[in-house]
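So the protein lines, in turn, are chains A and S.
Under the numbering used here, think of the first position of the first sequence as 1, with each following residue one higher.
Under the numbering used here, think of the first position of the second sequence as 1, with each following residue one higher.
These are calculated hints, taken from the structure and not from any lab test.
Careful, some of the hints might be misleading.
Coverage of chain S stretches by chain A, computed from C-beta distances (three or more under 8 angstroms per stretch; other residues unrestricted) [as the list claims (entries may be wrong)]:
#: 1; stretch: 129-140
#: 2; stretch: 152-158
#: 3; stretch: 228-239
#: 4; stretch: 261-267
Derived pair list, reagent style DSSO-like, types lysine-lysine, alpha-carbon separation capped at 27 angstroms [unchecked claim]:
#: 5; chain 1: S; residue 1: 460; chain 2: S; residue 2: 436
#: 6; chain 1: S; residue 1: 136; chain 2: A; residue 2: 39
#: 7; chain 1: S; residue 1: 436; chain 2: A; residue 2: 39
#: 8; chain 1: S; residue 1: 334; chain 2: A; residue 2: 39
Built from N, CA and C at the ideal position, the CB exists for glycine as well.
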Amino acid sequence: MLRFLLNRLLTAIPTLLIIATLAFALLHATPGGPFDSAKRMPPAIQASIEARYHLDEPLWRQYARYLGDLAHGDLGPSFQYRDTSVNSLIRQGLPVDATIGVCALLLALLAGGASGILAALHRNGARDHALMFVASLGISLPTFVIGPLLILVFAVQLHWLPSGDWVAGSIGHLILPVVALALPYTAYIARMVRGAAIEVFASPFIRTARAKGLPRHTVILRHALRPILTPLVSFLGPAFAGVLTGSIVIESVFGLPGIGRYFVTGAVNRDYTLVVGITILYGVLIIAFNLLADLCYAWLDPRVRLHS
Amino acid sequence: MLLHPCVKRLPALGAVLLASCGGGTSPTPVAASIQVGHALAAEQTLTRGLDAMPRSLDPTLVTDTDGQKVTDDLFEGLTAIGPDDNVVPGVASSWEVSADGRTWVFHLRPEARWSNGEPVLAGDFVYAWRREVDPKTGAENAQALSPILNASAIATGQAPVDSLGVTAVDDHTLRVTLVSPTPYLLAVLADSYLQPLPRATVERYGDSWSRPEHMVSNGPYVLGELIVGDRITLTRNPRYWGAATVRVSRVTYYPLNRNAQVSRFMAGDVEFTSIFPSSQIHWLRSQLGNQVVTGTYLGVQMFGFNMVAPPFAHNRNLRLALTMAVDRRIIADKITQGVSKPAYCVVPPLPGYTPQLPQWASWSDDRRHAEARRLYAAAGYSAAHPLHVQLDYPSDEDNRDLLTAIAAMWRINLGAQVEPYDEEFRVLLQDLRLQKATLFWASWIGDYPDPFTFLQLGQKDYAQNFGLINDPRFESLLAAAGNEPDNARRYRYLEQAEDRLNEEAYFVPLVYYATRHLVKPYIQGWRPNLQDRMATRYLQVLEHRGR
Numbered sequence: 001m002l003r004f005l006l007n008r009l010l011t012a013i014p015t016l017l018i019i020a021t022l023a024f025a026l027l028h029a030t031p032g033g034p035f036d037s038a039k040r041m042p043p044a045i046q047a048s049i050e051a052r053y054h055l056d057e058p059l060w061r062q063y064a065r066y067l068g069d070l071a072h073g074d075l076g077p078s079f080q081y082r083d084t085s086v087n088s089l090i091r092q093g094l095p096v097d098a099t100i101g102v103c104a105l106l107l108a109l110l111a112g113g114a115s116g117i118l119a120a121l122h123r124n125g126a127r128d129h130a131l132m133f134v135a136s137l138g139i140s141l142p143t144f145v146i147g148p149l150l151i152l153v154f155a156v157q158l159h160w161l162p163s164g165d166w167v168a169g170s171i172g173h174l175i176l177p178v179v180a181l182a183l184p185y186t187a188y189i190a191r192m193v194r195g196a197a198i199e200v201f202a203s204p205f206i207r208t209a210r211a212k213g214l215p216r217h218t219v220i221l222r223h224a225l226r227p228i229l230t231p232l233v234s235f236l237g238p239a240f241a242g243v244l245t246g247s248i249v250i251e252s253v254f255g256l257p258g259i260g261r262y263f264v265t266g267a268v269n270r271d272y273t274l275v276v277g278i279t280i281l282y283g284v285l286i287i288a289f290n291l292l293a294d295l296c297y298a299w300l301d302p303r304v305r306l307h308s
Numbered sequence: 001m002l003l004h005p006c007v008k009r010l011p012a013l014g015a016v017l018l019a020s021c022g023g024g025t026s027p028t029p030v031a032a033s034i035q036v037g038h039a040l041a042a043e044q045t046l047t048r049g050l051d052a053m054p055r056s057l058d059p060t061l062v063t064d065t066d067g068q069k070v071t072d073d074l075f076e077g078l079t080a081i082g083p084d085d086n087v088v089p090g091v092a093s094s095w096e097v098s099a100d101g102r103t104w105v106f107h108l109r110p111e112a113r114w115s116n117g118e119p120v121l122a123g124d125f126v127y128a129w130r131r132e133v134d135p136k137t138g139a140e141n142a143q144a145l146s147p148i149l150n151a152s153a154i155a156t157g158q159a160p161v162d163s164l165g166v167t168a169v170d171d172h173t174l175r176v177t178l179v180s181p182t183p184y185l186l187a188v189l190a191d192s193y194l195q196p197l198p199r200a201t202v203e204r205y206g207d208s209w210s211r212p213e214h215m216v217s218n219g220p221y222v223l224g225e226l227i228v229g230d231r232i233t234l235t236r237n238p239r240y241w242g243a244a245t246v247r248v249s250r251v252t253y254y255p256l257n258r259n260a261q262v263s264r265f266m267a268g269d270v271e272f273t274s275i276f277p278s279s280q281i282h283w284l285r286s287q288l289g290n291q292v293v294t295g296t297y298l299g300v301q302m303f304g305f306n307m308v309a310p311p312f313a314h315n316r317n318l319r320l321a322l323t324m325a326v327d328r329r330i331i332a333d334k335i336t337q338g339v340s341k342p343a344y345c346v347v348p349p350l351p352g353y354t355p356q357l358p359q360w361a362s363w364s365d366d367r368r369h370a371e372a373r374r375l376y377a378a379a380g381y382s383a384a385h386p387l388h389v390q391l392d393y394p395s396d397e398d399n400r401d402l403l404t405a406i407a408a409m410w411r412i413n414l415g416a417q418v419e420p421y422d423e424e425f426r427v428l429l430q431d432l433r434l435q436k437a438t439l440f441w442a443s444w445i446g447d448y449p450d451p452f453t454f455l456q457l458g459q460k461d462y463a464q465n466f467g468l469i470n471d472p473r474f475e476s477l478l479a480a481a482g483n484e485p486d487n488a489r490r491y492r493y494l495e496q497a498e499d500r501l502n503e504e505a506y507f508v509p510l511v512y513y514a515t516r517h518l519v520k521p522y523i524q525g526w527r528p529n530l531q532d533r534m535a536t537r538y539l540q541v542l543e544h545r546g547r
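Just chain S, with the same shape it has in the complex:
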């Protein structure tokens, strides 16, 4: 998804104060005050931070990463994401796939129960998936089901809802028919929009079924309390089939801005933050030591071009000049303080996939700058006639430094006059929809751990192809990958497709996103992972003193 810069953060100065005062008044790191034992704590409760209040906890309607985190605890799909970001069986205990990779049969575990004691049946999945693609529901995520047969046609109102490629063969057997082989299907099945729904409850209460007083769920936790803007409390679901392995009995999520998450963490009131401001990393490390945990995130910060209007349409030289003139190492080291890795291509490192670095990625800075200047001149620009363009990006304190630095690199390395223009996220989205942006923020968090979720951004008919890229060679490579049931061979097509993106410089990749958490030393069972998923069911609290 296009990364939301999160809700506008009011107390920016507060953090600065906290940073400076904290450093001055407390010479001993706060971390030193926590002593951790080896045994499990008697009280297994946990407090976690969220970037913002989820807009909904109805799995069909969840669109934000915050909602996904909470529904990961409340519901369980056919599969689930394990502690190491790996796919593990969920409601489905086993599955088979046909030789052509287009038909999957899932066997549901008979012991799976809803929190009201009813069994989880294949029909609950059929109901949920049909509801997701039914235009009447108005689900923003409906497009995500497009690998399933007829999903796109139903979502656009061209086919009846019951033609969706999912059938309950019997109560515990589900058959899924796909448009083309989709090797990443198992990872997607863990996502909220493919989780089952308690049909009777949804039909009885309508939109308010997801309120705590009505919600019935099938995951490790049930919804106890929800106060908009304050907290969401979940308690262990004793009817969950794997309840015996769930340690934490109560988890409370607090939607808080980054600075508030830091102060709550330092006060011991939040034990696991969803993020912290990147500008505070040095100070936090000095105060909290190894409670600061960072890792690579499945996302890339980049810019896109409007490919149907001047100056970037039919101007490969100019696009290439801009992307080559960016000094990514400086951004990674100085702006992100070493937390993020430089990105020369759009797909972040994924197991089995070889990221396609452009040749110039390994050149010296001087050589790269010289070539960029040559291309800039070849595109018809010079000191007397520089490029003037506005760069639209969403307001966010972390973005501002980045944008300022890049505009300076373009000015110094090329002489281009690029003016960063800070907009509210929703205004930027509208500008993109109306194609009013020429050069724009196009950062992306992958929806599943597969190169396709990034490469799709350049696909002709994909709704999120904001720059309207239309490259027949790229299309044919994606099509070939789509029809290839063997994933290793499919990856080779995708690598060629990415190569093509680099060759044409359709994007300006900058750095890969990083996950940034503050985690108390007594919380076990978790390590940073690419998708930044960390279901509470895998966590446990060790004995500890201090906070």
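So here's chain A without its partners, still in its complex pose:
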């Protein structure tokens, strides 16, 4: 177990290095620089700006400098916001994404899990068909359609909820983005749980439990739930990384200050350090959650053994 962990952590380092190198190289190879401005500057000023961000140095030295800073956990200054560092932007943005992401996944798990089990219990019945139709809709409707629709109904027409903005601690501001983000995951989880539940309900140990005369809810909660949830775990790890990294559209629609939005404006404005920094962060998150999923998987299903 410990060897497995150590091994996975050690292989993460070269993976991250490759991610950082590729991101750095690709961004610097993109045409248009961070200081290609509509106002062209005299050479002395251009040189002064470039020197400030070490853009006057050869690329390999810029790269070495970047890696050196990275080793100390410093992602460098933002090129587009001169009074802000990439670290402070991430510190500001990540809690927003984490809050929305955790809430969305919890909602997806609860709603998706419940409707999946319900559908399985009424397999091929009207309720099953209705739930699965809604689930298909949830999967196929992109968030940039759902988001504005929610705003239109709940903010513009009904004035029940705010149309966007981020106010720390305000639940009202959370609801629409969380629902919009959770919908496709809910739908996906519902379909997955339904499949798993049908399989589990048909297995001999459930039949045994029922034969013992246990009430239905005990059978479901005590005996069936754990095996039903097992396949979800391998989905949840990447899904959590996915809600964190994939909320870019949600952030744009609702005007939230998350890192996804910084990522997009950073790319448009050639904010090298910001984009590379967020790419590395996304890499770390995906590696970490995959590892976590593997660990949970082993814990939930004793047949799985962790090998290094």
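Given the structure of chain A, go ahead and fit chain S onto it with the hints provided.
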């Protein structure tokens, strides 16, 4: 400035949905739900939209219109822009100008204070202006100070910073020495890059002085909160010398894309948008009535030519043929939905200045097309040998329709094969810098309300002369205007210079930009203006019910 097409807008479909669903489900206009009274509202707070997050709120470093809007609230220069786009006294209560128009003396009001209580002194201006031109600062706007003596030499590293033509005669008297008479100086003095700086704070905190925890400002508002990508909140500065006339106590700016601004406005969460998508104008008017406010903007949409490479160098006939073959009325009426006015010359209408329309501007379409075809043929092109050229423009949903329409006009009216090529704004800027573009987007927002900010685009050594225009006659007319202290006579030289631009067809002007705002009916004290400046200090909120 070359117009940035704004940050890439993700939820384009969202707007379409909003447009179609809104129209279907709500037969009654949203505007009807707002009732406005006559008295001032008890709570004077305001929410405003911005096209994008300003890159900096340090006046020296502000380069975007969004940053200018916020610094208009936070800082005050020697002058300020009034509610009607007019110049009003700012920190300077009065001024005198020498007969030759080259020396100005400004008298600073002794009651002007920084938000920390310190007096605003002449030295704060000297410090700010020197910092702006000092190459060490790396300010993108340094060139804008070129009317001031030695500014250009300092910015290019050829003169010491303290040789800049600005002196603090005493704490409340500032003397400014200019290279040549600059009648538009008073308007420029209101711009962010000429606002004063709190020297002690800047020196103490370095780059982070403009963060909310450190910033000291001298305008009607102070910086309360700044969350990158979300909002900027300003609160009234009680130490501002004119604080008694400032009504709105708190203003929050939200940087949002156009579609998000519309939905926030309709939800009542943003009360004054900076823009809306032009494609939605009919629907918005039907829903919001007179909350949709448009006006002429100090900017022109146009194309430029590479003047040092074929096919446009030494080919006046071809340039003229292209510009004459564009049907501007169709663009103004159909593409901009009547919001923008057709442009036949580069300078938008300005008080006192007579725009120089080329003769063909008043011709019938048939006559104009025939002449364009004749010039096209004279330039050596025909159906068998058509012009093939790429037209580089920045990606933007509003631009795409325009470019497609113009390419079609050139194909139908001349037979020319012009291929619009959509690029990221930064890629286009790089292509222009490297002179890789032949025919390109050259739209321009004036930096100050004077024809010179547009005509300068054709000046030989001007950094933004992307097409490398070099016309001695045009140069001599600009030089004559530059040396003329009398503004009426100066305008006559500039008119001749513009005439020359038309004659040589160095640009293809298309339409003048329009300002497009959504404004709640209970916000008073503002009307559309040419520079699209609207400091919060002039606004007030009336009693209202609904949103």
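Now for the hints, and whether the structure bears them out:
Taking a C-beta to C-beta cut-off of 8 angstroms, the stretch 129-140 of chain S contributes 6 residues in contact with chain A, enough for the three needed, and the coverage statement holds. Only when three residues or more bring their CB closer than 8 angstroms to a CB of chain A does the claim for the stretch 152-158 of chain S stand; here the count is 4, and the claim holds. Counting residues of the stretch 228-239 of chain S whose C-beta sits closer than 8 angstroms to any C-beta of chain A gives 4, which meets the bar of three, so the coverage hint holds. Coverage of a stretch by a chain is defined here by at least three residues with a beta carbon nearer than 8 angstroms to that chain's beta carbons; for the stretch 261-267 of chain S and chain A the count is 4, and the condition holds.
With a CA separation close to 18 angstroms, the supplied pair residue 460(S) and residue 436(S) stays within the 27 angstroms bound. Our distance criterion of 27 angstroms between C-alpha atoms is met by residue 136(S) and residue 39(A), whose separation comes to about 17 angstroms. About 18 angstroms separates the Cα atoms of residue 436(S) and residue 39(A), which keeps this hinted pair within 27 angstroms; it holds. Annotation: proposed proximity of residue 334(S) to residue 39(A) is violated, straight-line Cα distance about 32 angstroms (limit 27 angstroms).
The structure is inconsistent with hint 8 alone, although it conforms to all the rest.
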